[in-house]
Every structure is written in structure tokens, then in C-alpha cells.
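Student: Starting from the known structure of chain G, arrange chains W and Z on it as the hints suggest.
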Amino acid sequence: MTTPIDVLYKKKLQAIDRIYNKTYFSDKIIYVGMASCEIAAGSKEIMEIFKDAVKKGTIMTYVTQRGCVGLCSVEPTVDIVEKGKMSVRYINVNAEVAKKIIEEHLKKGQIVKEHAYFGAKEKSIVICQGAFCLNSENQRIIEAFKENIENNNLKDKVEICFSGCLGMCNEGPIVIVYPDNIAYTKLKAEDVKLIVERHLIEGKPVEELNILKNGKPRFIKVFGTIDKFYKQKRIVLRNCGLIDPENIDEYLAVRGYESLAKVLTYMTPQQVIEEVKKSGLRGRGGAGYPTGIKWELTAKESSDEKFVICNADEGDPGAFMDRSTIEGDPHSIIEGMIIGGYAIGSNKGIIYIRAEYPLAVERLNIALEQAKKEGFLGENILGSGFSFDIEIRLGAGAFVCGEETALIHSIEGHRGMPRPRPPYPSVKGLFDKPTLVNNVETWANIPVIIISGSEWFSEIGTKRSKGTKVFALAGKVKNTGLIEVPMGTTLREIVYEIGGGILNDKKFKAVQTGGPSGGCLAEEHLDTPVDYESLVSAGSIMGSGGMIVIDEESCMVAVAKFFLEFTQDESCGKCTPCREGTKRMLEILTRIVEGKGQEGDIEKLERLGDMIKKASLCGLGQSAPNPVLSTIKNFREEYEEHIKNKKCRARFCTNLLTYEITDNCTGCTACKKVCPVEAISGSPKQKHLINQQICIKCGACWRVCRFNAISRS
Amino acid sequence: MAKTITIYVDNKPYKVEDNQTIMQALDKIGYHIPRLCYHPKLSIEGACRVCIVEVEGMRNYVASCAYPVYDGMKIHTNTPQLRRARRDIVELIVDNHPMDCHTCDRNGTCELQRLTYSMGIKQRHFVGERKRYEKDVSFVSVIRDPEKCILCGRCVRVCSEIQGVFNLTYAYRGFKTVVTTAFDMPMAESVCSACGQCVNVCPTAAFLEKNNTQELFEKLRDPSLIKVVQFAPSVRAAIGEAFGFPAGVSKEKETVAALRKLGFDYVFDTQVGADFTIMEEASELLYRLKNKGKLPMLTSCSAAWMKFVEQFFPDFLDNISTCKSPMSMLGALIKTYFAQKIKVDPKKILSVAVMCCTAKKYEAARPELMVEGMRAVDIVITTRELAWMIKSAGIDFINIEPEEFDQPLGISSGGGAIFGATGGVMESAIRTAYELYTGEPLLDIEIQPIRGMKGIKEGVVDLNGEKIKVAVAHGLGNAIKLLEFVRKEPKSYHFIEIMGCPGGCIGGGGQPYAGYNSIPLDEEILKKRAEALYDIDRKKSIRAAHNNPILRRIYKEFLGEPLGEKAYKLLHTHYKPKYPKGIIPKELTFR
Amino acid sequence: MENLDSVDLEKMKILKDYLKNFKDKPRVESNLITILHKVQDIFGYLDRSALEEVAETIQVPTSHIWGVATFYHYFKLKKPGKHIISVCLGTACYIKGADEIIAKLKEELKTDVGGVSPDGLFSLEEARCLGACSLAPVVMIDGKVYGNLTPQSVTQIIKEYKSKHK
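Protein chains in written order, with the working numbering: chain G, 1 to 713; chain W, 714 to 1304; chain Z, 1305 to 1470.
Rather than coming from a laboratory, the hints here were simulated on the basis of the structure.
From the three backbone atoms N, C-alpha and C, an ideal C-beta is built for every residue, glycine too.
Please note that the accuracy of each hint is not assured.
[Unchecked claim] Here are some, though not all, of the chain Z residues that point toward chain G, as calculated from beta-carbon distances under 10 Å: (1) Arg1331; (2) Glu1333; (3) Leu1336; (4) Ile1337; (5) Thr1374; (6) Leu1393; (7) Arg1432; (8) Val1442.
The following block holds chain G by itself, in its conformation from the complex:
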């Protein structure tokens, strides 16, 4: 009898063949990053330049696309993969650079070094960091390579990279040497010296070791160098930036849909739930409810109809984890949802996604189409008898729809207003049927847990928070972008080691996690490990993954006001505390930053904040005061300065600034002309003067002055 797993393996081999057939007619492949943010940075234009060159016959190259690799601050990115050579990743590619790449790299084989992010070295060794390879031997191998490369002065020629699971789990530990595509399997640390001396220096593979030439039929396309991903661990983002998200073959080649086949072949729904429970996975949407228990509760309800929902209504300002995951690896979410459907006994899945993510929607549509065509969706999946279908529903711009009951109302065609719980969606959800709601990141974890096992998963992270967490690292750090770290990584590691420290080496002031529902943590919290409980006890929350680093130039009152403005605007208006209370808090904050704060305002904010937290109907209201309360807790003196001294130490709150004309003034009259209230007086070629009584502190003069003659304090 053919089992689902047999069907899957056959499909996988076919897929790999197709990939090789498609890409091997040319010796080079160009991968252009085509996530939304890359497109915004101009990658479409870059793509056109390359395609154009191919069309005109200038270069014989296969041009394709891939999702986000998380390098937001240096986009667009382009990878050039050439058979027999190191793959090269270019960053900050504009039209000019693209043309240079075509002329120099693709035509002449000369790497455009000033834009190469990696790949400019002669060789690289990739060490598999998959679940089965990660052991003490692996660690010793890494150390041995580092030592030998150092001793042989190879640092400029060889780079050490790490990869996610290479799919050869029985052969580990594995090291692949590029560009030769030679894999050493079942490697031991004492063999490393030999590899370095013979292979890396002399260029001759060490034939007496276990070697595997050219990876085939296993799909080894490892340009996922992760030396720059130091301290990161990519589980959710395992395929993002590595595969073409619009080609199911590439997903299949990286063990895609293998978990589904495994589940359908070997596991009962109860076993799947047990596995998820044992993994310790918790909801990545913010609250951190144990995923397995949610599944179990929904599974035990008996009903003629149940629903599985993927919450892709990512709305935190500055957060784009889910968008990147969908754009880069849509099938992983689909696979997770099918497994979820099988586990709880549902045949119908719905992905609720923001309308503001057109590319993600398009990629999902393509992926669903392909999955249906390959028989992973629809009737009788892989011959298992289990049927499941997925539909996409668009949101329409309402942050509150991230709350699960509001989301359900929105799918039902209503105003996205939450309702009191209980009953929980697991009992009474979509169309009053039992419904399982998980967010994108949670779903993306599922296939990995199934294929690598709950035991492996539960070893990552901390005691109560397992696995990894994806963050959108933004604000005043050097390396902004999408990162994924094991739970338990400290904020300091993220800010200083992954983020590269504060931009322009300014002083760190705070880190904001959890977006508008979260809080601002100060210097003394930097050693807080990232896990659900620790962040809460420090006064913030995990949230869905927004992380904003704030430096000394930002005003904490203004930051709090920014987030409250957001929640106040997104309040659905149903319950009194959130609708009326956030409005009043915002009014108080506004008068504080405008220099009109009154004695007792801080206490009023605290009083309202506490009440709103405890009395609001849904999570949005219950967490809305967090940015304000946490900044009051950690930066109370800044509030007091604003109120009592009418001073903003960050010089951010314009109304609290004083503009004065210094001796640099040449009397050019530019400021006088631009002042909207005629507060500036002075004759041409003479030093001007600002009348502080009239000045409205709009800053127009300061912006227009070309002689640095206006001081702002």
C-alpha cells in the first residue's frame, strides 16, 4: 500500500529534478530579494535590469526571486550563485550597482567587492546546525576549524558559516565546503586539520573521509551563511531567503510537506496534539497560551464543523515578522494549518490577513494553488482520506482584529469588535463552531516540531518558553531587520551583538517590546532574557515581536504618547474604559509634551491606566496603558521634568524648546522670512533676534538657517 509518506517522497524527487533541470541550463543563478520591504527599496527595478540583460542576451543567467533575509537596513539584496564558485550576496544594490554586477561579475567574473555582503572570500565551510547535528562533537568541530583557519592564516580566504538542517540527519555532523559542493559527513573533530590542510589549502578533497559529491539527490543550496546571524537561530525563518516562495518545488526540496506526510502516515490526531503539547510551544501572537492545550480544547469539542484560523492580521507599528514569513515561506504556514486541522478534526482553514500586505496575499494565493495541485490541500490529501481546504480572508485596516473574537467577527462580515470570553473560540468561535486560532509564527513552528520532534524543540529556549522568537528589530540600532533568536537570549545580546549596538554610538536609553501593548524597558533590564514570564515581570510583554531600540535622543513621554495615539485610534469603541479612558490619557500626555502638564497628571495617568488594564473588555484595552505605565515606572523623572521644569531632556518635544540666534548669524534674513508669526526681527546683514514671547517654537527658522546660527535647547 502506498502511504502518504511514499507519495510525498516521490513528489519530492520529481520536484528536485525539476529544479535541477530548470536551473542547470545556465551556470549562474541570480536571486533578487523580493519581499515587500525589498520591493519598496527598489528591488523590482533591479529585477527588471537583470531580466532585461537576460532578454537582450547580454548574460546567460537564470533570474529568480526569494523572500526576506532580514537585512532590512541594507536592502535591496541580490545573490549570485554560480556553479563551482562561492555564492555572493550583494547589498544596497541600486540600478548602478546592478549594472556593475552585470558588467563585472556576470560577464567578467570579478566580484564587486564594495557591495558584497559575503561571498567575496575564496572558500566557505558550512557547518550544519540542524537538530541532529547539534551535539558536542559539532561544537568541537567548530572550534577545530576556527583554530586551524587561524593557525594557517586563512582568515581572509575562508569563511565559516552555519546552516539550518541540511536534511541529511543520519549523516551528521556535516560540513560542506564551497564552492566545491563537497560534503563531509559523519565528521569527527580530529579530521578537521586534514580538511583544512589538504582541501582548503591545497584544493584537494580528502577522499578518505566520508564525502558526498554534489549533494544530489539531496537538495543542498546553502547560501544561508549565518555568520552575520550570530546568536540567531532560524526555525520559523528557516526557509526565508533560501527558497523561491512562489515555487513549491523548492519547498518540497527542503523537506516541505514531509511533516504533513509523517502525520498522515504515522500519527493519530491525539498523538499530534501530544507532540505539540510536549514541545512546549506557546502562542506567538502575544499572550503565550500553550498551543497544545488550545489544540486539545478545540479537539475535544464535538461538532459537525470546526475551523482552523491563521491570524495574519499583524498590525503593530514597526512589526513585519509575519509578513516576511508569509512572503518568504508561505507553504510552511499552510502545512502547519493542515496538520492543525488533522489534529482537531477540522476540514476548513481560513487565513485572515491584512489587506495592506498585497504581496503576501499574492504569494499565499500562489502557494494555495500549488498545494492544491500537488494534492496537499483538498479532498483525500496524499491518499490519507483526510480532506482540508484553506481560504483567504482580507482584513481592512483594524488593529483590534488581531484579537481573536474580533477577528472571528470580521471573518463573519461584522464590525471587528471583540466580545466577552467565555465562551472561548475553542468552544464557540467562527459561526459559533469550535475554532482554533493561532498566529503565523505559531503555525510556522508546527512542521519543524513534527519533523524534528518535540524533544528537540523543547531543548531550545528556557524552562517555560520553548523554541525561538522572531523579532523585527528597529529603531536606533546599527543593524535593523528581522531576527530570530532562541528564547532566553538576553535583550543585551540582541541590542549589542545582533543589532550591533546603538546607531552613531549614542547612549542606549530603552528598548520597547510588544508594540503598543508592550512596555519600555530601561538599561537595568538589558540582561532580561527574552521569554514570556521574564519580560512580563520586567514590566513589558513578549508581544508579537516588535522590538524598538530607543536612544538618548528620544523622549520617553513622546514615545509613550506615540503608542497610546496608536491604540486610541485603533480602539474599537465598544467598551468604556478603552474608548473613553485612552482618550483622556492621550489628552493628558499631549498636554505634558506641550508643556502644559499639571501637578497630579502622572497620578491621573496611573489611575486611569490601572483601571483600563483591569476593566477593559479585550486584550487591546487591557494592554493599551502599558507603554505609558512602563515609561512612568522606568522614566518617571522625564515626566516630572516635563511637568515641573517644562523641559525635555531629549530635546524632542518642540514646545519645550527655546530657539535663540547665535553670533553665527550673518543677517541673511532667511529666518525672518520664514517665521510664520513674525517673531524674528533684525536688519539685513545684522544679527537677528527671536522674540520669545511671540515664538511658537515651530522650528521653521532652525530648519531654514544655513549658517548653524540658531540654537535649540
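Tutor: For chains W and Z alone, kept in the frame of chain G given last:
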């Protein structure tokens, strides 16, 4: 079977049933947790958060209206922190409210005012920007004042869940949320049925009837006018409540006396109009039965129902009885028969009606009900407006000496009285139709199956072997259910009574507001009002309309035969489809 | 309906054809938001007669549609300008001076956020994070993103758009 569990309220144990909310349990053991958006007849909103309580082991407060009790639950209803939170919530509502209590129509009956008092809000801490909206005074029946709205949503829910009209909705969101109509249309251009249930359930003055008292006070001082007034059965059954009398005490004669003191020259009884309606309607039914007319015949006396059917069920317009309502029949007779009788120019007659109803204001203005180019009823005021006028004029209603109706339009049958309760029109019609058809008086005249507060009731009447199937629905939501059934099974009934408001006219949109710790549309109060009407019926010597001697005399002297030419001209009318067309959702439940 | 010009009639026909997909579909009202997206695609905003058509076809009260349409910020209730300018107010843009960009645009276009410029050319809107934080502050005009803006450069961009219509 409900299980008995133990809950602890403020550290005291109580045995309660499970499968109920905290509020339901507390109500039964002698607590009345403050509340605002909750209404027992409507879905749970959980929005105002006034009814929060503290439950041990829970991080946040829970809304007692929504959260179920469980065994061993430890509830605290009055801790200082909780009291402060509740107080602050109510203050936040007040801070976004006009605070013009002294000049407000709901002064003294406002739930927010009571709540503000009982929360002990003596100081306001969070005053800021207040929402601003134009008042919508476009409609003759109901006016909408969004500035007074506190977004409890009871009106939206009553309009959709009970009435099925779906005229009101929340629009926009957050601080800008407002209760409005589709496309923010004026009420006059909306699908509003004018039933006034939004006014009934509104805790503040966000919905009110269009007030005609000022105009009436002025006209009552016009010496050139003959001031004639009629009042509906349900007015007498409820007006006492506005003066502190318990529900269910009829104040018929006191009302007559008060109206005279207000300056009316003649006080007539709408129940007389009801007797005419029955005479005509019973005759029409028999005519349709005999001549294979359109069946089932639907009653036409409820004004909200008539506007509703024109907009939502135009395909049923041929089923509607052509009879005018009791108010309009009596109005027509006042302007014709009575004017002739007292020999005055009907244009000199001011015809006023006191109704339990806001929709009657709309009905009175209908062009199709004009009589010889005049309005049959010039001014309609509600029970509430009359109660206010009595108070305003300094009339001591509590100790007033009862007086009798004027003649000739003051003697009515018991059948006319029970018109005010759901099933009453049907019951009266059966009493008359039976005798008209069989020639025998109906012996068992109290027809129990069609009494009571069940939403849709049915019965069968045996007319000499011919089985006449009847049905009764009250509240437009029930009407929708019944009509959709009839659409599918047109032969299931011969005669259907529909009343626009829950309980019939006694639950009309113009009735007195609920008292302290009571809730509008409380079913117990509706039952008591109905009982008052049944009591009037029982005490009457004449129980059936056709036995009313006044009625016989007027037919003989003036109208001729029922359904005859003159009767048809004065007492009947026709209705046409109206726009915008109403839409009844198939599967939509309100959220 | 009688006031519709020929372009609108054409649009209405497209809508009616689209709505045929929903006739007699179970739980049809749950597709309301999907349908509203389509109405906005066709008309550029939520046209009232289009909404009345939707109400009639899927038998959902107009008040309900109005409630939904006004709840979601993605839906436009007024006829927009020829070019749609969305100013990103995401965190990164905010920190890098999005408010100055907004102020400049208001001044240049003589309209408030949510309004249309008097010449009917531009709608000015605020947007939540457009996902281009690395280019902050950014503005999107008709789907095209302009990054690293200053009040001066945004003025220049507006000028270019205006010149297209001369």
C-alpha cells in the same frame, strides 16, 4: 438540570444554580450590581464595564453580566479599588456627556444620572474633549441626539434583535463611534418603523419622541378652537407609573379628569374607535372569507407595523385589512359625525390623541388618512408627554377626583379595552365575528391561547364547523418570523394580528420610563399592564364591540352599514410600498 | 441610480457580474468585507449606490454595511483624488520626522489628512507602517514608495505629479 453550586459573595457563601452569569446569580440573592448596557431581553454586550466585580484568582475584573459562575467562585462586589474603578468608568461616560441635566428631557428618569449619583461622583478628574453631533430632528416620531448617547448599544440591539428593523447601527469606531442609520441618513429617510423602542430602552436622552407638548399647550389656550382629546387603552394602564403608582393600576377616570383640567372641552375614549375597528374588521374578515378575498388577513391598527410592512413586506400589502386604526377612525368620526352633532365647522376642532406610541405621530400625519382634506388627528402626544404636561400644569394627579368620559364617544365595550394587549384585537374580533357569522353570542369569550407574552401565538375558532385559524405576533421580530412562515405556507392562517411593540400597545414606545432598579420592557411590568386592561374588560357590562349601543346608534344615524359606502370612505384606507426598501437578513445575527 | 453617468453604469455592471458569485451562497453575509474590497477596487471608494446594490443582492441591511464600512480604515467613504498619497506613520517614520512631511503635504495640498486637494488631484492619507522602515520617512503615491524624504524633497515630488496634469 441545573446543578447547585456554592459561590462566595463578599466572603459569605451562597447556594446558587450553575449555568448562569454572576449578575443573574447576584440578582437572585439580593444584590443589584450597577449596570448600564445589560438588558435581560437583549444579547450580552459586556461593553459598559459598569457591572464589573472582582473574582479571586483573576488578574482583571470581570463583567458580571457576561461571566458564568462556577463552584467555589469567590466574588467581591465592593472593594475600595473596585468601587473606584467603577466610579471612574462612570465618570468617563459623564465626561463625554453634555451634562445639561437640568434642561434635559430625561431629567429625573435618566439612568446615567442615577448611576452618577450612586457611584458618588462628586468631582470630575478627567474632563477633556467632548463629542459633538447635530441632533437629528427630521422625523415626526423619534429624534436622535448622539451627543447624549453613551454607546450602551441597547437601541441598536432592540432595533435588530427584538424588532428586526436593523435601522440603527454603530458606525465609525473608537472615540468616534456613533449610533446612526445607514449612510448617516436622517431618521425621516430611513427604514425606521417609528416604534420608539429605542426611546424605551435608551438610558439617557439619545433617543426621544418628537415632543409636541409645547405646541399643544399653546393650542389649548386658543379660544377659537374646540379641543377634543381621545386616549388609548394602554395609556390608562401605564400612566400611573409615571406618578409612582405600581404597575397594573388603571387610571382611566383620573386621566379623563386631568385632561379636562388641562383645558380639553371633550374627552373621548379611543376604545370607542377600537369598537368601530372591530366592527369593520370583523365584517371585512367575513367578507374575505365569503368572497375568496386575499387571506390571511392582517390587522392594520399598529402604526409601527404599518410603516414596517410598507417598507419590508410590500408583497403583503393586499393582505392588510383596509381598516384604519382606532385612533384614526375615532379622529375621522370626531371631525365628521361629532362636528355635525355639535354643529361646528370641523376646521375649528383641535383633534388630539394621547397614545402609548411614537409611531402614531407618524400615522396622524399620513396623507392617506386625511378626512375631507383635514387631518383626523391634529396632534399626538405620548403617555410620557401627557404625564409631563400634567406635572407641568401643576395638576395633582395622585389625589385627583375621577371623572367620566364625555358622550357620545365615551362608551366602549370590553373588547375595545383589551386592544392594548397583544392578542386583544384578535380576541375582540373573534367575539364579534363569531356572533356576526353564527348569529349566536360567543359564550367563552376569554380566549386564553392568544393571551400572554409568548412571541407568536395561535388558535382555532370554530364558526359553525368552519375552522378559522388565527395567529398573533407582537414585536416586529416575531412578525418577521410569522410572515416568513406565511410566505412559505400561505394557507396556514385566515387571520393574523400583528402588533409592532413587544406586549402590544402596553409596551409601546411612548410609555413611562422604567423606575429605579427596574428595566424598560420588563416582562413582569408588561404583564401587569395587560392585566389592568383585562380587568377593565371583565368589569364591563358590554364585552363585545357589536353590542356597544353608541356604535349601533352611529351606524344607524350616520355611517350606514359596516363596509358600506360611507363607512368605507371614512374608516378605510389603502397602503403603498415605501422607500427605502427594508432588508431582512437571512442569517445575520447581531454582534 | 438614475444620476449615474455612463462610467458609473459600466462600473455598476462589473459589480453586478461579480455579485452573481455570491447569490445563494451559504453564509453569504460573511463575505461582506471581501465584497467591500471589490467595490473599492471598482469604484475607488465605497459608492453609496454600489453599497445599496450589495445590500440588495446579499440581503444584508444597509445599516449593517454602513457599520462595517465605517469601522475599517482601509475603506474610503468619499471619492478620492486622482493620486493617493499615504504618509507612513510607522514607528521608524515617526521617529525620523514623518510629522514634518505630513505638515508640508497639508500645506502643499491645502487639505487635511483624510481629505482631497481642492483641485481633485490628491487624496492625503495616513498609513500604518508601510514596511519600508529602512527608508524612513516614506510616502507612498499610487503604490510607489518614496523614501528618505525631507519636506523639500516631498514638495518636489508633488510638483512633478502636478506637472503631469498641466
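Student: Now, for every hint given, state plainly whether the structure supports it.
Tutor: Going through the hints against the structure:
Against a cut-off of 10 Å between C-beta atoms, the interface hint on Arg1331/Z holds, since the closest Cβ of chain G lies about 7 Å away. Taken as an interface hint, Glu1333/Z checks out: its beta carbon lies about 5 Å from the nearest beta carbon of chain G, inside 10 Å. The beta carbon of Leu1336/Z comes within 4 Å of a beta carbon in chain G, closer than 10 Å, and the hint placing it at the interface holds. Look at Ile1337/Z: its Cβ gets to within about 6 Å of chain G, closer than 10 Å, so that hint holds up.
The restraint placing Thr1374/Z at the interface with chain G holds, with a minimum CB-CB distance near 9 Å, inside the 10 Å limit. A cut of 10 Å between beta carbons decides the hint on Leu1393/Z: the least distance to chain G is about 8 Å, and the hint holds. Proximity of Arg1432/Z to chain G holds as hinted, the smallest CB-CB distance being about 6 Å (cut-off 10 Å). Using the Cβ-Cβ criterion of 10 Å, the hint placing Val1442/Z at the interface with chain G is satisfied: the shortest such distance is roughly 7 Å.
Every hint from the earlier list agrees with this structure, and none is contradicted.
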